[in-house]
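Chemist: Take the given structure of chain V and dock chains Y and D to it, following the hints.
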Amino acid sequence: MSNSLFGPVDPAPDAGWADAPPRKGFFTDTSVCIGCKACEVACKEWNAIPDDGMNFLGSSYDNTGALGASTWRHVAFIEQPKRLGSQQTGLIGEPVGPGATDALNRAADEALSGDRSLLGTDNTVVDLGMPGVTLPGANGDGRADFRWLMESDVCKHCTHAACLDVCPTGSLFRTEFGTVVVQDDICNGCGYCVPACPFGVIDRRIGEKGVVKNAGIAQKCTLCYDRIGEGLTPACAKACPTQSIQYGDVDELRERAQQRVDALHAAGVHDARLYGHDEHDGVGGTGAFFLLLDEPEVYGLPPDPVVTTKDLPAMWKKAGLAALTMLAGAVAVFGSGS
Amino acid sequence: MDLGKTFLSWPVVRQLTGDDPLGRGKAAQSARTAALQPRTKTADRVVDSICPYCAVGCGQKVYVKDEKVVQIEGDPNSPVSRGRLCPKGSASEQLVNSPGRVTKVRYRRPYGTDWEDLDLDVAIDMIADRVVETRNRTWQDLDDQGHKVRRTLGFASLGGATLDNEENYLIKKLFTALGAVQIENQARI
Amino acid sequence: MAECHPVGFQWVMEAKARGAKVIHIDPRFTRTSAVSDTHVPLRAGSDIAFLGGVVRYILENELYFEEYVKAYTNASFLVGEEFVDSEDLGGLFSGYDEAKATYDPTSWGYAGASEGSVGKGGAGGADKGHAEGHSLGSGGPSVDPHTIQRDETLQHPRSVFQVLKRHYARYTPEMVEEVCGVPKELFLEVCEAVTANSGRERTTCWVYSVGWTHHSVGVQYIRGSAIIQLLLGNMGRPGGGILALRGHASIQGSTDIPTLFNILPGYLPMPKAGADESFESYLDTIRNHEQKGFWANAESYSVSLQKAWWGEKATVDNGWAFDYLPRISGDHGTYRTVLDMNDGKVDGYFLLGQNPAVGSAHARLQRLGMAQLTWLVVRDLNMIESATYWKDGPEIETGELKTEEIGTEVFFLPAAAHTEKSGTFTQTQRMLQWHHKAVDPPGDCRSELEFFHLLGQKLRERLRDSELERDRPLLDLTWDYPVDEKGEPSADAVLREINGFGPDGQLLNSYLQMKPDGSTSGGCWIYTGVYADGVNQSARRKPGSEQSWVAPDWGWAWPLNRRQLYNRASADPDGKPWSERKALVWWDEDQAKWVGHDVPDFEGTKPPSYRPPEGATGPAALAGDDPFVMQADGKGWLYAPSGLLDGPMPVHYEPSESPVRNAMYHQQGNPTRETFARKDNLQNPSAGEPGADVFPYVCTTYRLTEHHTAGGLSRWLPYLSELQPEFFCEVSPEHARERGLEHLGWATIVTARTAIEARVLVTDRVVPLKVGGKTIHQVGLPYHWGVGGDAVVSGDAANDLFGLSLDPNVHIQESKVASCDIVPGRRPRGPELLRFVEDYRSRAGITVETGNQRFTS
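Heads up: the sequence lines are chains V, Y and D, in that order.
When you read off a place in the first sequence, starting at 1, and then add 6, the result is the number in my numbering.
When you read off a place in the second sequence, starting at 1, and then add 68, the result is the number in my numbering.
When you read off a place in the third sequence, starting at 1, and then add 132, the result is the number in my numbering.
Chain V with its partners taken away, still in its complex shape (with noise of 0.2 Å):
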């Protein structure tokens, strides 16, 4: 059996899965999320999350910030001086000068890059390589559209995740339904994983060892690996109340999404997109994908993530050898031991 590092895979028969069920993932569309947040708490809520702190960031209604250790989904808010599809947003004709979005969207930077503790991550920020902040559709006269784009993140669950191959103590792993799940009885903090994401997802937690629950370990979402494993809805998917979040075999929702960008694009709302789909992108497409209405960059996305591990194979041979010899000593600690 061949595994590969890069290129379209179906990832859990790939990890020694034989019979593994059909991939599960997340379609999240925000042309309906409406950002209740519901994916926020219900996450928290089954997994035990601890709350990350009460810091207003006041970028726009998104007082989280960040995808992080405490933080499995985050509900982005962008404002725009944009106009989505045909919608009719009511400033034409009345007393407005340059809109705040531009301040606002600094702000928001500012939030993301500074002092990134208040967010309850020590995660260092992805330079997105940010468009300027003047975004097209400003007016510099007076505002003359708006809106006000809403999306729910989450671990992207990579067909070739990085955060995996590099985790060096097994406590990260492709799960039979194709998703990347962490073991906290296994990892032992080290953050190999952490710079590797592509995305910014995974995350050590803060916090005082004993104190907090898993202070120190990396932490991601799970897809709700033990509700899915009995057949049930991962806690985000089943709250979201417009279905904004779906979950479901990739293959179908891959599928469901490419009507819904059609169905968008027939309906005027052009700038409609998905992000994640393609197989052939630099990690081999996500198990959670989305589907946008801007440029990945405007919601805190990479344009282009490539997995980072892409040249692991070169580097396979040592690593394999080096298990081998951990394998020796694991057997001679064991014989003398008996």
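Think of the hints as simulated: they come from the structure by calculation, not from any bench.
Every clue listed holds true.
Calculated pairs, DSBU-like style, for lysine-lysine (alpha carbon to alpha carbon, straight line, at most 30 Å):
{"no.": "1", "chain 1": "D", "residue 1": "Lys590", "chain 2": "Y", "residue 2": "Lys216"}
{"no.": "2", "chain 1": "Y", "residue 1": "Lys172", "chain 2": "D", "residue 2": "Lys534"}
{"no.": "3", "chain 1": "D", "residue 1": "Lys647", "chain 2": "D", "residue 2": "Lys445"}
{"no.": "4", "chain 1": "V", "residue 1": "Lys219", "chain 2": "Y", "residue 2": "Lys133"}
Everything numeric in this text was worked out from a predicted model, so none of it was measured.
Modeler: The following block gives chains Y and D in isolation, referenced to the frame of chain V:
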């Protein structure tokens, strides 16, 4: 110790002997992970409920383990909510198990500067005494124009919209029988 | 709706996906606006001008549903000659008494109305004070239908139709633009969408949340919407109606079974001092002997209630113990009561899951009033600000109150959560849903059911030997509910009592079985049937996927499990659906009965062709094409000949505090609004009064998805608090530039009452509006936070800014709009705050009379 079993279940062994030579999948799964079960499954019972926040009336399933609520989520059977919950409804488990929730009677004596403990039964006795005293002292048989009113304006009540119908019924019934009329709730906020 | 009722909003999203157009009319761009087809920002407090403009558009362009209007509304009824419209009296209707600021509504009646047949049921004559409007309940006021004169052509100048047309003739798109700040084109887009999507094949639904009621003309806002829906034929039909989205789990239930001062269960009025001396005279205020409809049976409902409460002690000889009921005199509403508290007239106060120190208007007055109490009982899950004002309230900081000088004895009794008790909530569509107890409450936590049951027992014990007449109602009360081994009374037994029993001790199936002879009982007649066939119907949980779209087998809706009121109107006068795609109930000739998807809201076997015999009354007087079966004339009211205290049709008045002069009338505000001219309730001067420019901005309050009302169920939860941790104000970039407000900085917002501080969100979601040639800036304030030491998050309370000025019909406060000033920076601390506010008052020249002049024509 079953050495063979333990030894063979080591990830590194499984990695090198199974279909997952990179050790990223099945070989890496820990025993604890493999044994994971959702607490909705291990619950002792599931109880039908309704969300306590707004008046949409979303269906809830309450999962109980060892006489403690361990999970609350939407009821997919509800034609109102179809299993979905908003952030407040999704926080219901934290509402009922909130670390900040007060579970003991607190008492502040007149001019007191802090709370004191008080036995629940004693508290209700004291409240009953206050009601009787206030009602007697402020009772009106007639108003100043000589019309019968049979009431007290000496005490008032506020709230009810977060409570059950049966509770509102007893509140209105008891207070009306006592002649109290200043009974109000959130309908007027 | 997406903001406050996200799960209910799934149905709007589904409708949208099927092609429905979604229009959001709101001063604020919310999460609803974000996914709507159109957002219409308008000036807070200008809604009647907007709604009146829609009415005019419908009438002028003849876009009403003619057959529906002629058959099902009072459009063809003639109004009496004495009636003079507000268009002809500078904004006042005939009958206004300047000195008392009330109307004598006699002249509003239908032509030929017999003396006393209109205005009964408490329409509030000039000397009746303010208490009656809301006591009419779901039946509305009585009228005598037999004397009504009609003109089926709708051409008679005094027909309701023509009166309406004249009344709204000046509500042009230009006027809407000038008053509301909504550009004409945008307004017309709404008119076109609403009318194009109404008629035989299509229906339009109006949805409001109770913010619409938080105005000094709140009732007339809803009336405005009702007129539109009746003209367009959208009432009683699927996809139509006016949906009130209510914000507490059982706020509907606590109105049906009211913890309210002016009504008894099932919207029976509380008896009034001086008026309701006997049971007979009381009944006559509820129902006119001549009228149509089911309120004619009020005696049966009322006697059954008395029997439920006093059992065999209620007899025909003692007038069914009618004198056991206390009498009300005018307004005993929560705001009247809190003023009385401030005057030292109230000893004791029970707070049952409500947090007035944060959630009620003029929250400061609430706290100051509570500090005057002798005793206070707070029952809640969390240590809310209304329980701790005596040690960490804002008035402690300013020095106005000192802990050691407050003589109030405070009992905090922890309450049981919804998972710790069984019972029913009535949700916003009148549906009762039973929730089962899952676990015992922890520690001292108890349900209200147990607390009040126990309190009642202890009170009865104390007065057991009393010979006093006043104690009979308590001692004779039926109060023997079965309890479980832990002392918890059976909610099931209480629900059975509410449902009621027949002479044989069997549970009643319908309120139609109730009798006025004392042989039946029932604690809330509209809830009768919740235990039909001996089954707790509210506990039914047949999956939605296994039944029709009406889902009649989930829970139970009053009355008699009807899911949509007045659904007879979904069929034409002959009983056929107006269209196949909008069929709901219809007359089946072969079976000779009404059938359909929903339970017909009509007598089951009364054919469409039925015409009442001469002299018929009550249900028998309803013709086969009178769908509004609870109305005294069987029709939907475009014009309300009685029942409202502030006019038969909505008129645009400015809010009590407004930086804008009324562009339509000399009369500035609602001439009958309930005001309290007191030193502790000062008002900002409005446009036209000196000092108005000191408060040049409009402020409004609202909720956020992440919190619940005054925060008692959300600010103690880390998961919700972290999502919206701080009190903020929302301002437009234009406003921010004008006032030097910085995004994420602080701002101080000031009214005549006080000043509060908030973090600043500068956002394009707020838009300045052009109103009468002026730019109007609006400040948005979520009202969830309060000052105290126990919650996970706290902050100044937006409700501190608002004064008391009430809708005259229902005594609801105007807390969705006021005028204000806003300046950068934090507010002064301690006594400095009082000086800061005092300076504003003196600059504006505020006295107790300011803003309280109701008559301004």
